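From first to last, the protein sequence lines stand for chains A and B.
So for the first sequence, the numbering used here puts the first residue at 1; every next one is plus one.
So for the second sequence, the numbering used here puts the first residue at 1; every next one is plus one.
There may be inaccurate statements among the hints.
Claimed, not checked - Straight-line C-alpha distance at most 25 Å; calculated DSS-like pairs for lysine-lysine:
| id | chain 1 | residue 1 | chain 2 | residue 2 |
| --- | --- | --- | --- | --- |
| 1 | A | Lys22 | A | Lys41 |
| 2 | A | Lys41 | B | Lys42 |
| 3 | B | Lys1 | A | Lys40 |
| 4 | B | Lys104 | A | Lys52 |
| 5 | A | Lys41 | B | Lys1 |
| 6 | B | Lys68 | A | Lys41 |
| 7 | A | Lys41 | B | Lys104 |
| 8 | B | Lys68 | B | Lys1 |
| 9 | A | Lys52 | A | Lys22 |
| 10 | A | Lys41 | B | Lys99 |
| 11 | A | Lys52 | A | Lys40 |
| 12 | A | Lys40 | B | Lys42 |
| 13 | A | Lys40 | B | Lys107 |
| 14 | B | Lys104 | B | Lys68 |
| 15 | A | Lys19 | B | Lys1 |
| 16 | B | Lys99 | A | Lys40 |
| 17 | B | Lys99 | A | Lys22 |
| 18 | B | Lys99 | A | Lys36 |
| 19 | A | Lys19 | B | Lys107 |
| 20 | B | Lys104 | B | Lys1 |
These are computed hints drawn from the structure, not numbers from a lab.
As the structure is a computational prediction, the values presented were derived from the model and not from experiment.
Below are the chains, spelled out letter by letter.
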Amino acid sequence: ETGVTQTPRHLVMGMTNKKSLKCEQHLGHNAMYWYKQSAKKPLELMFVYNFKEQTENNSVPSRFSPECPNSSHLFLHLHTLQPEDSALYLCASSQAFGSMYEQYFGPGTRLTVT
Amino acid sequence: KQEVTQIPAALSVPEGENLVLNCSFTDSAIYNLQWFRQDPGKGLTSLLLIQSSQREQTSGRLNASLDKSSGRSTLYIAASQPGDSATYLCAVTQGGSEKLVFGKGTKLTVNP
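Extracted from the complex, chain A is given alone in its bound form (with noise of 0.2 Å):
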């Protein structure tokens, strides 16, 4: 256990559906971000989030909307999704943002649109 949790672990949604996806840590963290893996593609960084306040929006669609209440959780709230949205999402942590802080991963969220 990384001290990153992420619910539910799998989610099929259809099209016409909105959803939300919940991360928390347990770390004292200051910094959380979203990323998504999808098969046969790098891992790719969607959002960021430092100190509750938005750093990156790596040209995500807007049918992707990012929450951040604390530094302790994140959410991702999801509507009208695609089939191509079909992914594993992950949330991960670090103490802040930058290069010197190690970045801790939940286990995942595994979303299929239908």
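Fit chain B to the known structure of chain A by using the hints.
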């Protein structure tokens, strides 16, 4: 734009063999390089982190080297075991953006 390439994409070896996984990156302006392990359907576990000023790091049966000028890193696994079966990911922390850039990984299978 930084690109990280891992060769081979998949590797199958008998138990006990020593093996090398390769990682290359196109932009040498990195802060550090990490090797991660990912088990099926699970998150990433950090194995080794090499700072840009270092040449290698060791942890148990694992040894990672870094040649920043040539844009290459290797992960050496000694006396492989079936429990080593997983996907191994290489990632560099990009200078300037400070973001992790990942390779696609090498899927390792160690056969008993």
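Taking the hints in turn, this is what the structure says about them:
{"no.": "1", "hint": "A:Lys22 - A:Lys41", "in the structure": "holds (23 Å)"}
{"no.": "2", "hint": "A:Lys41 - B:Lys42", "in the structure": "holds (16 Å)"}
{"no.": "3", "hint": "B:Lys1 - A:Lys40", "in the structure": "holds (19 Å)"}
{"no.": "4", "hint": "B:Lys104 - A:Lys52", "in the structure": "violated (30 Å)"}
{"no.": "5", "hint": "A:Lys41 - B:Lys1", "in the structure": "holds (16 Å)"}
{"no.": "6", "hint": "B:Lys68 - A:Lys41", "in the structure": "holds (24 Å)"}
{"no.": "7", "hint": "A:Lys41 - B:Lys104", "in the structure": "holds (6 Å)"}
{"no.": "8", "hint": "B:Lys68 - B:Lys1", "in the structure": "holds (16 Å)"}
{"no.": "9", "hint": "A:Lys52 - A:Lys22", "in the structure": "holds (15 Å)"}
{"no.": "10", "hint": "A:Lys41 - B:Lys99", "in the structure": "holds (17 Å)"}
{"no.": "11", "hint": "A:Lys52 - A:Lys40", "in the structure": "violated (32 Å)"}
{"no.": "12", "hint": "A:Lys40 - B:Lys42", "in the structure": "holds (16 Å)"}
{"no.": "13", "hint": "A:Lys40 - B:Lys107", "in the structure": "holds (11 Å)"}
{"no.": "14", "hint": "B:Lys104 - B:Lys68", "in the structure": "holds (20 Å)"}
{"no.": "15", "hint": "A:Lys19 - B:Lys1", "in the structure": "violated (33 Å)"}
{"no.": "16", "hint": "B:Lys99 - A:Lys40", "in the structure": "holds (21 Å)"}
{"no.": "17", "hint": "B:Lys99 - A:Lys22", "in the structure": "holds (22 Å)"}
{"no.": "18", "hint": "B:Lys99 - A:Lys36", "in the structure": "holds (14 Å)"}
{"no.": "19", "hint": "A:Lys19 - B:Lys107", "in the structure": "violated (32 Å)"}
{"no.": "20", "hint": "B:Lys104 - B:Lys1", "in the structure": "holds (16 Å)"}
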